[in-house]
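Using the sequences plus the hints, can you model the full thing?
Chains as they are written, first to last, in my numbering: chain A, 13 to 299; chain B, 67 to 435.
These are computed hints drawn from the structure, not numbers from a lab.
Where a beta carbon is used, it is the ideal one built from N, C-alpha and C, also for glycine.
Treat the hints with care, as some may be off.
As the list claims (entries may be wrong) - Partial selection, computed: residues in chain A whose CB lies under 8 angstroms from chain B:
#1 40
#2 41
#3 44
#4 48
#5 109
#6 110
#7 195
#8 196
#9 204
#10 205
#11 214
#12 218
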Amino acid sequence: MPPRDSPPKRNMLNRSALLMLPAFVMLAIVFLVPLGWFFAQTLFVNTDPTGLWSQITDVLTSRAMLQAIITTNWISLVVTATVLLMGYPIAYYLANRNGLRFTLVVFCIVVPYFTSIIVRTYSWMVLLGRTGLINHALQSAGMIDSPLPLLYNKTSIVIGMTYVLLPYMVLTLFAAMKSIDRNLLLAARGMGASGPMIFWRVYLPLSLHGVISGALIVFILSIGFFITPALMGGPSDVMVAMLIERSVEITLDWTSASVMSLFLLAVTLVLYAIYYRVTDVRRLMGA
Amino acid sequence: MGSAVTQPPLSGSGKGALELDGIIKRYGDERVVDAVSATIRPGEFFSLLGPSGSGKTTTLMMIAGFVAPDGGAIRVDGADLTHVPPQRRGLGMVFQNYAIFPHLNVFENVAFPLRARHVAEAELRQRVTGALELVRLDRFAQRFARQLSGGQQQRVAIARAIVFHPSIVLMDEPLGALDKNLRYEMQVEIKDIQQRLGMTVVYVTHDQEEAMNMSDRIAIMNRGRIEQLGPPGEIYEHPTNEFVARFLGEANVIEGTLETVARDEALLRMRDGTALRARLGRNATPGRAASLFVRPEKLAFGAGGDGNTVTGTVRRRSFLGSMIRTVIEVGSGTHLTVDLANLGDGGGPEVGASVSVCWPVAHSMILLD
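Structure representation (structure tokens):
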């Protein structure tokens with residue numbers, strides 16, 4: 013017999029698509045048009061078109077940019093791995109609990125999600141600073157003589173970003189884990205599988221699409237991160253988004269800013285295309 | 067692969083005796099399984115049959131080890147398994163919705179129990195191939211569940227349950243999701259595999275035909291208890307109460323009062339005064355309320371010599387294909403159903419006709435509830 017289920021085709025040209033019109037118009041006015049105008053202005057109007065290509069390669073191969081790309085990738089990878097390792101057990105806990113404990117943990121995950129990133133970043137600075145809570149406590153306890161350098165380095169960036177991005181990973185993993193048929197785990201147990209075998213051979217493979225989706229979304233968000241690394245990083249920890257900001261605000265080199273922005277946008281879009289392929293977005297939204 | 071690699075038959079091994087000793091499961095105040103006892107013999111096909119909520123699935127889950135009993139004991143070949151975790155019970159299990167691992171192909175699904183037991187690769191290949199041949203899926207080893215039909219997925223689940231040669235296989239409504247024709251086909255196939263391997267099967271179903279077709283013995287469950295336990299023919303012909311009579315097949319139940327009681331026969335007086343005779347299974351005192359049970363296919367039109375005869379009016383006729391069902395109102399609001407084989411002769415009287423219906427005494431029983 014032939015396999016059945018092919019999903020019904022969605023006709024986007026029906027009248028309910030009109031419901032999205034206000035949002036689309038808004039997005040076009042405040043995002044697409046200014047962005048296009050910025051790129052056009054900086055690259056084609058204010059720049060000699062013949063030298064455009066060399067300008068692009070110059071910006072992208074400059075020492076500052078290469079260093080920023082390496083820093084961005086490294087921090088993003090470490091953050092993604094940390095968030096995954098921390099998020100997986102939390103999501104597993106949530107997927108297997110209900111009632112008060114479930115509500116409590118979801119509350120703890122979701123409330124920061126709705127809190128301003130700046131507020132959250134500053135609270136980490138209060139904790140990690142030279143005279144911050146941690147150093148103060150350690151010194152009072154006599155465990156250290158001089159304050160530990162907890163802030164203004166890569167570690168503090170990773171701590172801050174991990175905290176901000178954890179909810180994205182947990183919620184993505186939770187959705188994937190909730191969709192695992194519990195009967196499959198019972199069946200595995202009934203067939204003689206030990207706990208570790210059930211995890212490695214059944215649970216992890218079945219939650220893998222959630223791992224990939226979560227890792228991609230966290231990585232995508234990481235490479236464009238600005239506030240947390242800007243506030244918590246040291247002078248040598250410059251990420252791509254910070255380099256763009258410096259070009260705009262300090263060196264007033266808008267052409268370079270434009271090239272770097274386009275580059276970041278292109279990388280993000282490519283990663284998002286991969287994300288879209290692995291993640292059934294419609295299923296995540298419960299359709 | 068040739069047919070040389072087939073399963074060694076287990077018949078005669080004498081393994082696979084299962085004893086349920088008064089097992090109890092409570093959810094809150096309710097006893098969903100209430101002191102169920104049964105001794106299931108090695109190589110027996112044993113069905114738990116009952117309506118939804120009767121406790122049959124909970125009973126099976128306790129045997130499997132997924133639900134912990136609140137009382138009683140479960141023994142396999144004399145060994146107490148009541149508190150042994152499911153992964154160490156060594157029972158085969160077929161789930162209602164198959165529970166095929168979607169990320170593994172057919173071969174790896176069937177190999178799963180063997181991998182859990184660290185069976186060497188060469189032997190594993192041989193056994194999986196053998197199990198797949200047995201369910202006629204050897205050509206589908208590399209497919210995934212989503213590429214298989216419902217019947218094929220069912221076969222994967224069966225192959226997976228038998229591949230490690232368990233002496234007992236538990237099946238939880240395995241054919242529930244299949245359409246009627248395929249169901250019958252699979253019943254025959256499951257029964258055939260069970261007999262070839264000589265394994266004990268505990269089978270949960272709410273489908274009475276399925277249970278009768280496959281089982282050596284059936285336990286009819288209702289409200290957490292076993293109402294009656296025996297071979298299909300015995301339960302069908304000699305139900306001990308009205309629930310069993312009505313649950314397993316169609317039943318006529320006529321209410322009345324016991325008038326005289328002899329050794330194994332009694333006289334029941336209907337409310338309209340008609341006297342009927344029937345077999346009596348157990349002792350009863352005259353004068354108490356009772357009912358008479360007779361299957362629709364045991365009834366015939368016309369007056370019948372020394373049997374029971376009642377008269378009434380035909381109220382409804384239904385054409386059921388292989389038979390014609392006639393409903394007759396016999397005094398005092400009692401309705402009798404008569405099933406006649408469709409022999410192509412029109413099959414009995416028309417609606418509105420006055421008729422006599424008769425049946426032999428030996429085919430009717432007194433039920434005391």
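Any of the earlier hints contradicted here, and which numbers? Result: hints 1, 2, 3, 4, 5 and 6 break, sorted rising.
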